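**Q** So the sequence lines, in the order shown, correspond to chains Y and W. Position one of the first sequence corresponds to residue 70 (our numbering), numbered consecutively onward. Position one of the second sequence corresponds to residue -7 (our numbering), numbered consecutively onward.
Please note that a few of the clues may not be correct.
Said to hold, decoys possible - Just a few of them, taken from the derived set where beta-carbon distance is under 7 Å, the chain Y residues facing chain W:
1) 242
2) 245
3) 246
4) 252
5) 255
To be verified - Only pairs whose alpha carbons sit at most 25 Å apart, straight line, appear in this in silico DSS-like list of lysine-lysine:
6) W:112 with W:134
7) Y:247 with Y:233
8) W:112 with W:159
9) W:159 with Y:256
10) W:57 with Y:247
11) W:112 with Y:233
12) W:159 with W:57
13) Y:247 with W:134
14) Y:233 with Y:256
15) W:159 with Y:247
16) W:112 with Y:256
17) Y:256 with W:57
18) W:134 with Y:233
Because the hints were derived from the structure by calculation, they are not lab data. For clarity, every value in this text was computed on a predicted model and none was experimentally measured. No residue lacks a Cβ here, since even glycine has one placed at the ideal position from N, Cα and C.
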Amino acid sequence: MSGSLLFQSLVLGVLLGGLYALLAAGLTLYFGVMRVVMIAHSAFLILAAYLAWYFNDQTGWDPLLSLFVTVPLFFAAGVGMQRLLIARLRPATLTMMSVLLTFAVALLIEGMIGLIWSGTQRRIQLPYSGSNVEFFGASIAVVKLVAFVLAGASLGLLYLLLTKSRFGRALRATIQHKEAAQLVGIKTDRVAGLGFGLGLATAAVGGTALALDATIYPSLHWHWVGPLMAIIVVGGLGSVPGTAIAAMVLGIGQSLLQVEFGTTWAQTLFYIALFVTLMVRPQGFFGGRLAQRF
Amino acid sequence: MASEPQPGPPAPLLVLDAVEAGYGRAAMVLRGLTIEVPPGTVVCLVGPNGAGKSTVLKVASGLLKPRSGRVLVDGQDVTGQGPQAMLASGLAHVLQGHSVFREMTVGENVLLGAYTLRDKARIAERAEFVRELFPIVGERWKQLAGLLSGGQQKQVEFARSLMVDPKVVLLDEPSMGLDPKTTATVFEQVVRMRDAGTAVLLVEQNARRALETADLGCVLDLGRVHISGPAPELLADPQLSELYLGGRPAEPSRPRES
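From just these sequences and the hints, can you work out the full model?
**A** In structure tokens, the structure reads:
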């Protein structure tokens, strides 16, 4: 592999890692606050991508503008999903049952997308779709850069919200000790609902970012479930910075491997990382000390 | 019961009246239990495992709704309200074991105790008060709470519970897992909380040590109050000592693991 190609892959890996980090942050929220494993996260991601494409297709406007619709919509859907579905699961078996429940939701969304927009592959064509920028000799697609900035900015906002706001403190307290949080007067059910909404809002942002640069089809979300699950396990379940680091490392790794072995084999990196983590450090590589911290 | 400015026992701050409570479909844990906490006192609940000591506190703080009976705070019926409402009525609960928010600083922990307060000046005033009452809290303000020793974490929890200036603070096994020296400190803090104007309802496995600290004692068995009275009297009762306090009164007190 030549030096410039290596650098190019490295940069692409960072860009991909940013998107992974944002999406994994959503998963971390669900698991951290509610011990919910959210299989349907990537289905919502693809749904958001479809909405962005449809928005662009119908109006001709930039798909980024669809965020003004999808983010509030997904936030509301998340709150609703937590209150109406997740909250009804028995606490003792919540984690396991949430897998089944959200699996069903994922199938539902996939079917719905297929029904409305058919199985045809879709791609957004933008005036700047083909443009590249030169970055120290590496050629970077503008759309990838936009996606990265979007993901990075959202992750930054999420971080600020969690660390600086009253709601963020309540959410962290709920993650760290639910009963003690109730005893200082935090309505943990409400916090859980809002946390879920926030998680789904990351899927809305991620989906839009994805739509800028990817060909989408209804079953695409299955390609995302594995990598995202691997990322949050490697990062230590419940740790936002941990997952961000894991997302970067694996994103870069995937991008580098892709050059040598092609897309399919590069994907196995996630599963290898998952197995190694479970064997060597089941609490995640950034669990323990960093876990639950924001 | 209205409080009257005449001699005699003052109206209790907290009353649990004929409370029955239990978990799920399992058998009742509390079976018609009645307890009163007068102002300015430390009331201690002792009794064997499974007597329902912790359940009493959960009913009082709203974590568990009673099936029947009443909970009164300052004469007001607050039966069946959730933790947030109970906190607003003046009941703060410190859980068994460690319940600090481990990955937050001591300061964040203490300030979260004032989560329901909005008045910034009031919060600052309370923070100053608890830092004075528990100096370790001020010293470790910027450190992660999860890194403190067990005894220090307990004090952070005490401080957090006092932020709302509760009428009664409910302490569930504060000496659990602590060494004898730290246990002594924690019991000193309990007395300081009382002297600072907060009544205390204390649950302890370490019965003898707790009764030495308390003003009043209640011996629980099978979900009812078996015997109650001034703590020194309970301590002096040889039969009671044999049954519930693990040995004769002459024996020097020693902390027991729960």
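**Q** Evaluate each hint against the coordinates.
**A** Right, here's what the structure says about each hint:
Checking residue 242 of chain Y against chain W by beta carbon gives a least distance of about 5 Å; that is within 7 Å, so the hint holds. Residue-level restraint check for residue 245 of chain Y holds (minimum Cβ-Cβ distance to chain W is 4 Å; threshold 7 Å). This hint holds: residue 246 of chain Y has a C-beta 5 Å from the nearest C-beta of chain W, less than the 7 Å allowed. Taking 7 Å as the C-beta cut-off, the interface hint given for residue 252 of chain Y holds, the closest approach to chain W being about 5 Å.
Hint on residue 255 of chain Y holds. Least Cβ distance to chain W is approximately 6 Å, under the 7 Å limit. For the proposed pair residue 112 of chain W and residue 134 of chain W, the alpha carbon gap of about 20 Å is at most 25 Å, so the pair holds. Proximity of residue 247 of chain Y to residue 233 of chain Y is assessed by CA-CA distance (about 20 Å); at most 25 Å being required, the pair is judged to hold. Proximity of residue 112 of chain W to residue 159 of chain W is assessed by CA-CA distance (about 21 Å); at most 25 Å being required, the pair is judged to hold.
Our distance criterion of 25 Å between C-alpha atoms is met by residue 159 of chain W and residue 256 of chain Y, whose separation comes to about 22 Å. In summary, the hint linking residue 57 of chain W to residue 247 of chain Y is supported, as the alpha carbons are separated by about 18 Å, within the 25 Å threshold. For a cut-off of 25 Å, the pair hint linking residue 112 of chain W to residue 233 of chain Y stands: about 16 Å separates their Cα positions. For the hint pairing residue 159 of chain W with residue 57 of chain W, the CA-to-CA distance comes to about 20 Å; that is within 25 Å, so the pair holds.
A distance of roughly 22 Å separates the Cα atoms of residue 247 of chain Y and residue 134 of chain W; the hinted pair therefore holds under the 25 Å criterion. Between residue 233 of chain Y and residue 256 of chain Y the CA atoms are separated by roughly 19 Å; this keeps the pair inside 25 Å, and the hint holds. With a C-alpha separation of about 23 Å, the suggested pair residue 159 of chain W and residue 247 of chain Y falls inside the 25 Å cut-off, and the hint holds. At most 25 Å may separate the alpha-carbon atoms for a hinted pair to count; residue 112 of chain W and residue 256 of chain Y meet this at roughly 21 Å.
Note on residue 256 of chain Y and residue 57 of chain W: the hinted pairing holds, with a Cα-Cα distance of about 16 Å set against a maximum of 25 Å. For the hint linking residue 134 of chain W to residue 233 of chain Y, the alpha-carbon distance of about 16 Å falls within 25 Å, and the restraint holds.
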